[in-house]
Amino acid sequence: MIRGNRIFLSCAYWAFVLYVFVPLILMVMMGFKDSKFIGFPIRSWTLDWYSGVFADAEVLSTFGYSIAIAVLSTIASVVVGTWIAVLLERSRFKGWGVMFGLTVLPALVPGIISAIAFRIYARYLGIEPGMGAIIWAHAVHNVPFVVLVVMARLSTLPKSQIEAARDLGADPLVAFLRITLPYLVPAILGASIFCLLLSFDDFVRSFFLGGYDPTLPVLIFAKLKSGMSPEINAIATVALVLTAAIGIWAERFTRRANKDTN
Amino acid sequence: MTQDPLVRIDQITKTFGETVALENLTLDIARGEFVTFLGPSGCGKSTTLRILGGFEQPDSGRVILDGTDVTRQPPEKRHVNMVFQDYALFPHMTVRQNISFALELKGMDRAAIRARQDEIMDFLELGAYGDRYPGQLSGGQRQRVALARALAPDPALLLLDEPLAALDAKLRGQVQQELKSIQRRTHKTFFFVTHDQEEALTMSDRIVVMNDGRVEQDGTPEELYFHPTSRFVAEFIGETNLISGEMRGREGDAVVMDWFGQTLRGHASGTTPRPGETITASLRLEKLGFHNARPETGNAVQGRVVRKTFLGSRMAVDLAVEEAQGATLRAFVDAETGQAVGSDPVWLGWDSDSMAVLRD
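Here the protein sequences line up with chains G and P, keeping their order. In terms of UniProt numbering, the first sequence is numbered consecutively and its last residue is 262. In terms of UniProt numbering, the second sequence is numbered consecutively and its last residue is 360.
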């Protein structure tokens, strides 16, 4: 019975892996196909689509644009998120629950709804669609993730660490900068990577709040409308490799950093 | 050296919600003293320490440090440092950086910091570990780094919050001796908090026994051990025979009591019982002497051995006193004496001075 269960579970697991990865593998394969039409059979292979991508000024500048948005929105999220996390973790004041709920809410609102809301609000405030508006929307959406990750880390900081710093002559600000902040570094780094990936990957907010320049997902969408081509597969593969590499590195880094300081 | 105390705790009361942690505590600590606050958990000893460190504010009362009222001063302004129970070493800093943390904040220049680091690390034999991180040190080494870090800024008062609790028994004994010798050599005032009576007896110049937010007794280790004034202290420190009986009267300094028909004499230091009252006296196990004939001591009864427990260097002997309705006494004797006593009744004698009449 137990043995049967185990076989069933492992089959289910591998079925799940196939389900997730087969489309990705197909997408990557088609990027190397020496033909304009996507589909089997693949008679010959080529790197032309890739050289095309790296020669295409529009694609490259879009990459840069998306990365710039990701970096700037991440900085904003991390500063605001860490600030809120410290405030929430340190004390339980009246209205704590409400404040925590409101903080986490942006992560739960469906993307399309928050995108439309942002669009209306941006027009009301007179903010032009474009880079600033996208950064703003991404930052707001990502703050909750920073808050949750940083709060979790902060809750494991022994109270005696701060007391020791105070005891040795540090005022509250110095104690925060020299003891709390270094302790939070792994969490802040982890949260940053997550924010970078969320922003880089976002379509809905970027689409609704974007100006004339498209971000990468918006560009891919635009290209799709004019027909499927292995060029898109090549762009997507580059993005996939880049984000996966950063994600895996960050995961390993934060795990090691957590181990070191505990 | 001035005569006024280094620390004056003046009528401090502290409550946490409904719980009274400290009730009207008044106490002086002299310069260069090794004072231990001893008591079970929740007795108020840690609260006192945290108030001295500046981590808690008393509801009422004052803390005077070196003539200045520091009651409302934050920890960073006080000339007081603390060794934390979990050491609270900064994990992302090396031993050297941990030690220099306070020195940098004092605004000392680089050369002076370096010199002080070397001095304190040399003093505590940490020279080889300067570039290690706390995670790379053993428990005993961490304990010494915590001590070095707290001593580096040259505090007027050093607070120690059960710093030996995390060490294993063997190391603890060694560190106790070390701590005492460090305190002697630095002439610093140590305020030590523990629930371990043996630790308190070994190291302290003075022990303050706390119970329920109040001072039970305050004195030298010897005074507390041989002349406890309350039942709590007698039972908390060491092992003792508690002898209950009826107060009969006084003979000079001695209190005469009736113990199941036996007349015993003790001395009362912390209490003034009246005839007819039921009183309890404490008699330390090693104060009972064995004799073949009725001894000339203030108290003498005959007992029969019930049980012997071999403890290595000595023996614990339980005796039943038939003339006192079979009530038992326990005595510590050296192993030879213990082995020699047989089934015949033996005379037990003790001075009236060694039996302390307690306040309940």
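If you are wondering where the hints come from, they were derived from the structure by calculation, not from laboratory data. Take these hints with a grain of salt, some might be off.
To be verified - Examples of chain P residues toward chain G, derived with CB under 10 Å:
#, residue
1, Gly-67
2, Thr-71
3, Arg-72
4, Pro-74
5, Lys-106
6, Asp-109
7, Ala-146
Note that the Cβ used here is the ideal one computed from N, Cα and C, for glycine as well.
How the hints compare with the structure:
1. Given the 10 Å rule on beta carbons, the hint for Gly-67(P) is violated: about 21 Å separates it from the nearest Cβ of chain G.
2. The closest approach between the C-beta of Thr-71(P) and any C-beta of chain G is roughly 16 Å, which is over the 10 Å cut-off, so the hint fails.
3. Among the interface hints, the one on Arg-72(P) is violated; its C-beta lies about 15 Å from the nearest C-beta in chain G, farther than the 10 Å criterion.
4. For Pro-74(P), the suggested interface contact is upheld, since its CB lies about 7 Å from the closest CB of chain G, less than 10 Å.
5. With a least beta-carbon distance of about 6 Å to chain G, the hint placing Lys-106(P) at the interface is held under the 10 Å criterion.
6. Residue-level restraint check for Asp-109(P) is violated (minimum Cβ-Cβ distance to chain G is 16 Å; threshold 10 Å).
7. Interface restraint check for Ala-146(P): the shortest CB-CB distance to chain G comes to about 9 Å, inside 10 Å, so the restraint holds.
When each numbered hint is compared with the structure, violations occur for hints 1, 2, 3 and 6.
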